[in-house]
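Input sequences plus hints: build the corresponding full structure.
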Amino acid sequence: MAPLPGRKRDFSPLPWSQYFETMEDVEVENDNSKDISSSGSHGPVLLLLHGGGHSALSWAVFTAVICSRIHCRVVAMDLRGHGDTKVKNSEDLSAETMAKDIGKVVEALYGETPPPILIIGHSMGGAIAVHTAAANHVPSLLGLCVIDVVEGTAMDALNSMQNFLRSRPKTFKSVENAIEWSVKSGQIRNVESARVSMVGQVKKCEEPLSSPGVSKSINEGIIEEEEDEEDEGVSNHKRKKEDDQEVKKESLFTWRIELSKTEKYWEGWFKGLSSLFLSCSVPKLLLLAGVDRLDKDLTIGQMQGKFQMQVLPQCGHAVHEDAPDKVSSLFSTSEVLIWSHRGLDWTYGRRIF
1 MAPLPGRKRD FSPLPWSQYF ETMEDVEVEN DNSKDISSSG SHGPVLLLLH
51 GGGHSALSWA VFTAVICSRI HCRVVAMDLR GHGDTKVKNS EDLSAETMAK
101 DIGKVVEALY GETPPPILII GHSMGGAIAV HTAAANHVPS LLGLCVIDVV
151 EGTAMDALNS MQNFLRSRPK TFKSVENAIE WSVKSGQIRN VESARVSMVG
201 QVKKCEEPLS SPGVSKSINE GIIEEEEDEE DEGVSNHKRK KEDDQEVKKE
251 SLFTWRIELS KTEKYWEGWF KGLSSLFLSC SVPKLLLLAG VDRLDKDLTI
301 GQMQGKFQMQ VLPQCGHAVH EDAPDKVSSL FSTSEVLIWS HRGLDWTYGR
351 RIF
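Take the sequence shown: its letter number 191 is residue 191 in full-length UniProt numbering, and every next letter is one higher.
In case anyone wonders, no lab produced these hints; they're calculated from the structure.
Treat the hints loosely; a few may be bogus.
What the hints assert, rightly or not - The following label-pair restraints were derived from C-beta to C-beta distances:
hint, residue 1, residue 2, range
1, 115, 333, 17 to 27 Å
2, 94, 157, 18 to 28 Å
3, 27, 92, 36 to 46 Å
As the list claims (entries may be wrong) - Straight-line Cα separation of at most 20 Å, SDA-like style, residue types lysine to any residue; simulated pairs:
hint, residue 1, residue 2
4, 170, 186
5, 100, 110
6, 264, 97
7, 104, 26
8, 326, 69
9, 88, 258
10, 296, 306
11, 264, 96
12, 284, 329
13, 284, 296
14, 271, 260
Even for Gly, the Cβ is constructed at its ideal location relative to N, Cα and C.
This is how it looks when you write it as structure tokens:
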């Protein structure tokens, strides 16, 4: 529902502790640590892998919802180069390296006898989930879910990815400004999720900047949504006036990771992904924002019943952020992820009541 005329939407950041029980650094090797957010203490583990540029916080609202519905443990991790994870070579974002990271984290958390684990990955994280499963880095893997990433459409999109990245604001005046941009640009359509997720995507600039240019980039990032706000009865005059003023030297915020510098790894994430996904022997679920995203291999595989597919057409690319309730409902009923109401029994292909 559109806000009432004159009522401003709240873009203030929300704390991680409102959604996760713990946040900790897990040591996996000397000088390497992975930032882990988790909830729950019993039942199978949902291991959540975020998309490129995001962090574990992109799963915050989903985690709160799913843990309220089923007995499970949730582990969301910041992948290397993202969020608060620290590694020796943060620029190595190859599929092989990141897949090995997943296995090392599972071993660090659970030792040689890990519990049943379902990996759920979004976009880049979905690709890494497939590589992890195919390489058998998680021996107790019980299921695999990939959210809105398909080889064909991903490979086609790579040609325009740099243009998209250049179109984003390079800096923001505040975390609130970053949250506002993410919502008004349509990157995240759920305001609550944006208020916690964007905290993990931006950081303070190392050196304060003075910049009329910075103001311009921010203004350009949200200008495309001004028309929509006018339809909602909210005036943009005050914000535009403030954005046009010169910003004095102050703390600005920028992206935690420069995705444009990771281009050499993009093809490795997605090339051959469909056949790799189909080859994984565990139950599989493909969750898409639109059926048009299916490529030829997956279309054939879906017709042959090699995996389950669900489409949530009212969502953007960040399906789990835009509709955490709907996504949680899918996981609590899907044959990929099934256990009893007590949360004690797990099976592959049928519900236990």
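Outcome of the hint check:
| no. | hint | result |
| --- | --- | --- |
| 1 | 115 x 333: 17 to 27 Å | holds (22 Å) |
| 2 | 94 x 157: 18 to 28 Å | holds (19 Å) |
| 3 | 27 x 92: 36 to 46 Å | violated (19 Å) |
| 4 | 170 x 186 | holds (17 Å) |
| 5 | 100 x 110 | holds (15 Å) |
| 6 | 264 x 97 | holds (14 Å) |
| 7 | 104 x 26 | holds (10 Å) |
| 8 | 326 x 69 | holds (12 Å) |
| 9 | 88 x 258 | holds (17 Å) |
| 10 | 296 x 306 | holds (14 Å) |
| 11 | 264 x 96 | holds (14 Å) |
| 12 | 284 x 329 | holds (16 Å) |
| 13 | 284 x 296 | holds (17 Å) |
| 14 | 271 x 260 | holds (18 Å) |
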